[in-house]
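Trainee: Spelled out from the first residue to the last, the chains are:
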Amino acid sequence: MSLIRWNPLHELDRWPSDFFGVQRDINRLFDNFFRSSMGSEETMATSVYAPAVDIAEQENEFVVKVELPGVAKEDVKISLESNILTIKGEKKQEKEEKNKNFHRLERSYGSFQRSFTLPSSVKSEKIDAVFTNGILNITLPKIEEAKPKQIEVKVR
Amino acid sequence: MDTNNRNDLERKPSHALAKRPEPLATLVTPVADIYETADSFTIRLDMPGVSKGNVHVMAEPGYLVARGEVDARVHESGTLLFSEIGRKRYIREFKLGEGTKHNEIQAQLEDGVLVITVPKSDELKAREITIR
Chain A
1 MSLIRWNPLH
11 ELDRWPSDFF
21 GVQRDINRLF
31 DNFFRSSMGS
41 EETMATSVYA
51 PAVDIAEQEN
61 EFVVKVELPG
71 VAKEDVKISL
81 ESNILTIKGE
91 KKQEKEEKNK
101 NFHRLERSYG
111 SFQRSFTLPS
121 SVKSEKIDAV
131 FTNGILNITL
141 PKIEEAKPKQ
151 IEVKVR
Chain B
1 MDTNNRNDLE
11 RKPSHALAKR
21 PEPLATLVTP
31 VADIYETADS
41 FTIRLDMPGV
51 SKGNVHVMAE
61 PGYLVARGEV
71 DARVHESGTL
81 LFSEIGRKRY
91 IREFKLGEGT
101 KHNEIQAQLE
111 DGVLVITVPK
121 SDELKAREIT
131 IR
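For the protein sequence lines, the chains are A and B, in the order given.
Take 1 as the starting number for the first sequence in the working numbering and just add one per residue.
Take 1 as the starting number for the second sequence in the working numbering and just add one per residue.
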C-alpha cells in the first residue's frame, strides 16, 4: 500500500478559516462511524441523498442549479407536476469493479431526489436544462404577467 | 438522512454569506474515491462547478495537491432564494508513498469529477513469478 491514509483530524488544524470544511469532516467522521457500525455496503448503495441546490430569481426567469458531479445526463429526470419541480436520478458506480482495490470510498452513489414548490408563474413548457461541469442548470422562464412592469402614474 | 441534516446546518451561514456584496469563498475538502489497480492508483475527486481552466494539480516526490475554484458564472445574478452551493474553493492534499511515479501523474476533468492517475513504479507492481 503506497498511498498513506488521509487523517481527517489533521484537517482540524485549519480552523477557523476552513469552518465549513471542518464541519463536513466532522460529519464525515460520524458518517463513517455509523456506516462501519451498520456494516453492509448495501445500506450505502440504497440510501437516497439530497444534492446541494441554489435557486436564484431574475427578472425574466428562475434559475435552479444542482450539484451532480459524475452523474450522466441520461440518469437525471426532471419533472414538473402541479408546480412541484422534482429532480431525481441515480449516480451509478463504474461497472468495472473487478481488479480494483478500494482505499477510500467517500463519494455518494445511488439515488438522489429533491423537490421544490414553484410559484405558479412559470412557463412549464419552456423549461430548459443544461449540464455543465457536474452542475445541472435548469432555467424556468416566468410568464409575462409575472415579470416586473413599470407603471407610469401621471400626477395631475 | 445525514445529508439533510448537514444541509440544514449549513443553510443559515450560507444565506448570510450570499447577502454580502462580495461573498468569501468557502474552503471545501472534496470527497474522494481512491482505488488501486495492477499498475496505478486512481483518485476521483468531486469538484462540481470547476472548469478545466480553474483546476490545478501539482505533484512533487511524496506529495500531491489538487485545487479547484468554482467558476464565477456558476453564481447567477439575481436574488438568491435558496443557497446551498455558495462560493467554494476545493483543496485536498495527498501524501504519495514510495513507489509512485510523481512525474507521470495524469489528470482529467469529467463532468465535475477530477480524475488523477498515479502510476506505480515497476518495483511496486505485482508480478507473476514463473515457476522454473
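It is possible that part of the hints are untrue.
Think about it this way: if two alpha-carbon atoms lie no more than 16 Å apart in a straight line, the pair counts; the simulated EDC-like pairs of lysine to aspartate or glutamate are [to be verified]: (1) A:Lys100 to B:Asp111; (2) A:Lys91 to A:Glu81; (3) A:Lys73 to B:Asp111.
Some residues of chain B that are not near chain A, with every Cβ distance over 12 Å (derived) [what the hints assert, rightly or not]: (4) Pro30; (5) Ile43; (6) Arg44; (7) Ser83; (8) Lys88; (9) Asn103; (10) Glu104; (11) Gln106.
Hint data in this document are derived by calculation from the structure and do not stem from the laboratory.
Note that beta-carbon positions come from the ideal geometry of N, C-alpha and C, so glycine has one too.
Trainee: Hint by hint, where does the structure go against what was stated? Just the numbers, ascending.
Mentor: 1, 2, 4, 5, 6, 7, 8
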